[in-house]
Amino acid sequence: MSFLLLLIYMTVGAIIGLFMGALPGLTVTMTIALVVSLTFGWPMVDALAFIIGAFCGGVMGGSISAITLNIPGTAAAVATIFDGFPLKQKGEAANALSLALFVSLLGGFFGIIFLAVLGPLLGSIALKFGNQEYFLICLWGITLVAVLSKENLLKGLAAASLGFLISMIGMDPITGLMRFTFGSKILSGGINYIVAMIGLFGMKEVFVQLSNKRAFKVDDFTYRIRDLFPKLDIVKKSIVTYLWSAPIGAIIGLLPGTGGDIASLVSYGVSKQIIKKPSRPFGEGAYEGIAAPEIANDAAIGGAITTLLTLGIPGDSVTAIMLGSFYLHGLLPGPTFMMTEKKYFYMILVFLAISIFIAYFVGIFGSNIMLKMLNLPKWVLLPFISILCIVGSYSLQNNINDVIFMIMFGLIGYVLEKAGYPVSPIVLAIILGPMIETNFRKALISAGGFGNVIISFFTRPISLILLVLIVLTYVAQSKVMKLEQQ
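For the sequence shown, full-length UniProt numbering assigns the number 1 to the initial residue and increments by one for each residue that follows.
Rather than coming from a laboratory, the hints here were simulated on the basis of the structure.
Remember, predicted model here, so these are calculated numbers, not experimental data.
Some hints could be false.
Calculated cross-link-like contacts (lysine-lysine; reagent style DSSO-like; alpha-carbon spacing at most 27 Å) [claimed, not checked]:
#1 K236 x K185
#2 K237 x K90
#3 K90 x K276
#4 K276 x K231
With beta-carbon atoms standing in for the labels, derived distance ranges [what the hints assert, rightly or not]:
#5 M171 x V208: 47 to 53 Å
#6 T175 x G324: 25 to 31 Å
#7 T181 x F365: 45 to 51 Å
#8 S211 x A116: 29 to 35 Å
#9 L165 x K185: 15 to 21 Å
#10 D172 x T340: 34 to 40 Å
#11 G183 x F458: 17 to 23 Å
#12 T175 x T340: 26 to 32 Å
#13 L472 x F365: 42 to 48 Å
All C-beta atoms in this analysis are idealised placements derived from N, C-alpha and C, irrespective of residue type, glycine included.
Modelling step: build the complete structure from the supplied sequences, incorporating the hints.
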C-alpha cells in the first residue's frame, strides 16, 4: 500500500509538472517551488516522490509548447523550437512530439545511469574546477551562439552582446556597487533571466501573431493515441545524436550553475557541426535537431542531481529549490551524503527512474489534450497566453516591475525578429553573463593580473581542453558558413 501511495504521488507530480512545463510563461522552477510549498509537514519519502515526479514531468513538458506554439515551456526547450516548430508547420506535430517525448525518456535514463555509476567520481572532478574553468566553459556556451544564429554570425554575436549588457544591470557581484541603473531603484535588483525569457519568447509571440493575419492554431489534423508513440524510421534517423547529446547533457548538468537549458543549446550546436547530412536542413525540421536538445535536456537531470547530492551544490535554479526542500524534510546532501544517507541515494534513483517512465506516458496522453486546447481561436488563445506570461513573471517575486520588464522584452524581441536578429543568444547571455564576469574577475584577483590569467589557461589541463574546444568551435562554424555560401 505504501509503494502504491508513492506511485500516486509520483504520477500526480508528473501530471502537474508536465502541464505547468508545457504552458507558455510558466517554468519548471516555478512548478517545483509550488510543489515544495505543498509538501510542508509531509513525510520525507512521500515528499521526495511528489517533488521528483513534478521535476521529471516539468522537464519533459517544455517541448510541447515549443513544438506546437514556437514558445518554449521551459528555458531548456529553447533549442527544441529551432526544428520542432518547422515540423509543426509542415503538419508533422505528432511526429515531432512523439520523437521529443521518446528521446527525453532515453536521455533521462542515461542521466540516471550517470548518477548511479559515475556521479561520485565526476563529482570529485568538478571539485577541481576553479574560476578559470567555469569562465571558459561558459564562454564555450556563448561561442555556440554562432550555431544558433543560422546564417549571420555577426547578428548572433550582437544579440549575445546585448544579453551581456543586460546581465550587468544592477549590483556589481564583486564590489557591491550599483551600475547601469541610471539612479533607478527599479533596476537595482537587475533583470531576472526568467522574465527576459518569458518576454522574448512568450509575449513576443503574442505581438508577432497580432501583426500576423494568419490563424494562430495547431494544424488541424486527426490522430490516435498511438500516433504519439515513437516511429522506428524517425528514431533511426535521429538516434545517432544520443552518442554525444546524452554525455553532454549529463556532464553539463553536473557543473554547478549550469543545467538543461545550457546542455540543450550546446548539444544542438554540436549536433549541427557533426551531422553533415541531416534528415532535413537544421532549422527547417531536422529530426536530429529535436532529438539532440531533448536528450541533453533530460540527461542533465542526472547530472544536476549528482552535483546536488554529492556536493550539496545546486546545478541550476530548479535543483536550488530542491536543495531547500531536502533541507526542509531533514535530508542533508553533501560530500558525506553517500556515507550517511546511502539508502536515500538509491531511493532517489528509483524515484527518478519511475517518474521519468510515468512522465513519458502522461506526456503522450497530455499532449493530446494540449494540442486540442491549442486549436482554440486566436482571440481566445492570445489573451490566455498573455495572462500566463503576466502571471508567470509577476509570481517570481510578486513584483509588478517584472511584468513591465517582461512586456518590454516582448517588444524588443518583436523588433529584433523583424530585423532578422535571433533572440535566443540574448537569453543565453543573460543566463551566462554573471557567471562569466564573476569567475573571470575572481581569476584576475587570484592570479594577480591579466597576463597571469592568460598563462593559467594554458598551464591548467582542464582549462586548456576547454580553450581548444572554443577555438575548434569557431573554426568549424566558419567552415560551415563558407560551405553554405558556396
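Going through the hints against the structure:
1. K236 x K185: 54 Å, violated
2. K237 x K90: Holds, at about 18 Å.
3. K90 x K276: The given pair, whose Cα atoms are some 22 Å apart, holds under the 27 Å limit.
4. K276 x K231: 23 Å, holds
5. M171 x V208: 47 to 53 Å: Violated - the Cβ-Cβ distance for M171 and V208, about 34 Å, lies outside 47 to 53 Å.
6. T175 x G324: 25 to 31 Å: 28 Å, holds
7. T181 x F365: 45 to 51 Å: 48 Å, holds
8. S211 x A116: 29 to 35 Å: 50 Å, violated
9. L165 x K185: 15 to 21 Å: Check passed, 20 Å falls within 15 to 21 Å.
10. D172 x T340: 34 to 40 Å: 39 Å, holds
11. G183 x F458: 17 to 23 Å: About 43 Å separates the Cβ atoms of G183 and F458, which means 17 to 23 Å is violated.
12. T175 x T340: 26 to 32 Å: 39 Å, violated
13. L472 x F365: 42 to 48 Å: 43 Å, holds
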